Amino acid sequence: MIRRTSSLPSPPNPKSSEIDFYKSKLDFAHVVSHEVRNPLTVIRGFANILRHSEKNLSPAGLEKLDAIGRYTKAIDQELTHIIQTEQMLSTDLYVKMEWIHPYETVQEVIELMNIKSYVENVQLVTHIELTTSHAMMGNLMGLRLILSNLVSNAIKYAGEQGSVTFSAFAAGDLLRFVVQDNGIGMSSDQLNSLFQKYGKLNEHKNGQGIGLYVVKNLVDRFHGTIQFESELGSGTTVTVDIPMCASTDDAGHPEAFVQATNG
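Going by UniProt numbering, 170 is the number at position 170 of the sequence shown; the sequence numbering is gapless.
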């Protein structure tokens, strides 16, 4: 089998008519989010009442209440993810660039993806070697969308009883995020259409196929690169490299920005 690596050019910017379309979708997403979050709030409320009013709950009962909390939180975060994606699409993927520390965002993504992997019966292994001192020029919401999209896709295509590994570490002057799965893999044709706005890796999987288009645009805005290495039937490895600052001062502010791509 031949391994193929894809590092594709940036997709074209949306036309104004497309932006108007996404603005209308954003309005709709806000309405749906509101309607779904209302019953979620009620469910969480009843779960909390039950926890504090019933003093003789068994360990199994307490675990079920904990599960309700985890799953309702996961649904709430997925709704936020949808809103953020549509918001970016409605503004031509505009993000405010600033110095950020990715450590907490990485931990938030892991927490959410642990729930998703449990539901999908997929093993999620994490290797995180970042600290709160690591910093990069970017946007926290954008970084969260990049990582959650990539890990979520890996879980989806790993399949039941599959395995996904998520790593985050410093590699020289770069912050490197690697997502690897042992799932269905991709053909060369699929690699070549990865970043099309409505491209899908597998027609039998749910989703509108816009996630990787957003991911690629955000990585470009962070002055980073994204690479896919895949073998049909043997899984996929995605590597995202983003330049980081050299160091931070005592207050945690970046002292310098390293343009690693110019080195």
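Keep in mind the hints are simulated off the structure, nothing from the lab.
Any given hint might turn out to be false.
Said to hold, decoys possible - Beta-carbon label-pair distances, calculated as ranges: (1) Gly172 <-> Leu50: 43 to 53 Å; (2) Asp66 <-> Leu232: 38 to 48 Å; (3) Arg51 <-> Ile128: 48 to 58 Å.
Unchecked claim - Below, in silico cross-link-like pairs of lysine-lysine (DSSO-like), each with a Cα-Cα straight-line distance of 30 Å or less: (4) Lys116 <-> Lys96; (5) Lys96 <-> Lys64; (6) Lys64 <-> Lys116; (7) Lys64 <-> Lys216; (8) Lys55 <-> Lys216; (9) Lys96 <-> Lys55; (10) Lys55 <-> Lys73; (11) Lys116 <-> Lys216.
Because the structure is a prediction, the values reported are computed rather than measured.
In this text, a Cβ means the ideal position worked out from N, Cα and C, and glycines have one as well.
Consistency of the hints with the structure:
Remark: the range hint 43 to 53 Å for Gly172 to Leu50 is upheld by a beta-carbon distance near 52 Å. Under the hint 38 to 48 Å, the C-beta atoms of Asp66 and Leu232, about 40 Å apart, fit the expected range. Judged by the Cβ atoms, the range 48 to 58 Å given for Arg51 and Ile128 is violated: they are separated by roughly 31 Å. For the suggested pair Lys116 and Lys96, the alpha carbons sit about 29 Å apart, so the restraint of at most 30 Å is met.
Using a Cα cut-off of 30 Å, the hinted pair Lys96 and Lys64 is violated, with the two alpha carbons roughly 40 Å apart. Between Lys64 and Lys116, the direct Cα distance comes to roughly 17 Å. Compliance with the 30 Å bound is thereby established for this hinted pair. A distance of roughly 39 Å separates the Cα atoms of Lys64 and Lys216; the hinted pair therefore is violated under the 30 Å criterion. For the given pair, Lys55 sits about 51 Å from Lys216 by alpha-carbon distance, which is inconsistent with the 30 Å threshold.
With a C-alpha separation of about 49 Å, the suggested pair Lys96 and Lys55 falls outside the 30 Å cut-off, and the hint is violated. Taking the CA atoms of Lys55 and Lys73, the gap is near 24 Å; set against the 30 Å cutoff, the hint holds. Between Lys116 and Lys216 the alpha-carbon distance is near 23 Å, which keeps this suggested pair within the 30 Å criterion.
Violated hints, listed in ascending order, are 3, 5, 7, 8 and 9; each of the other numbered hints is respected by the structure.
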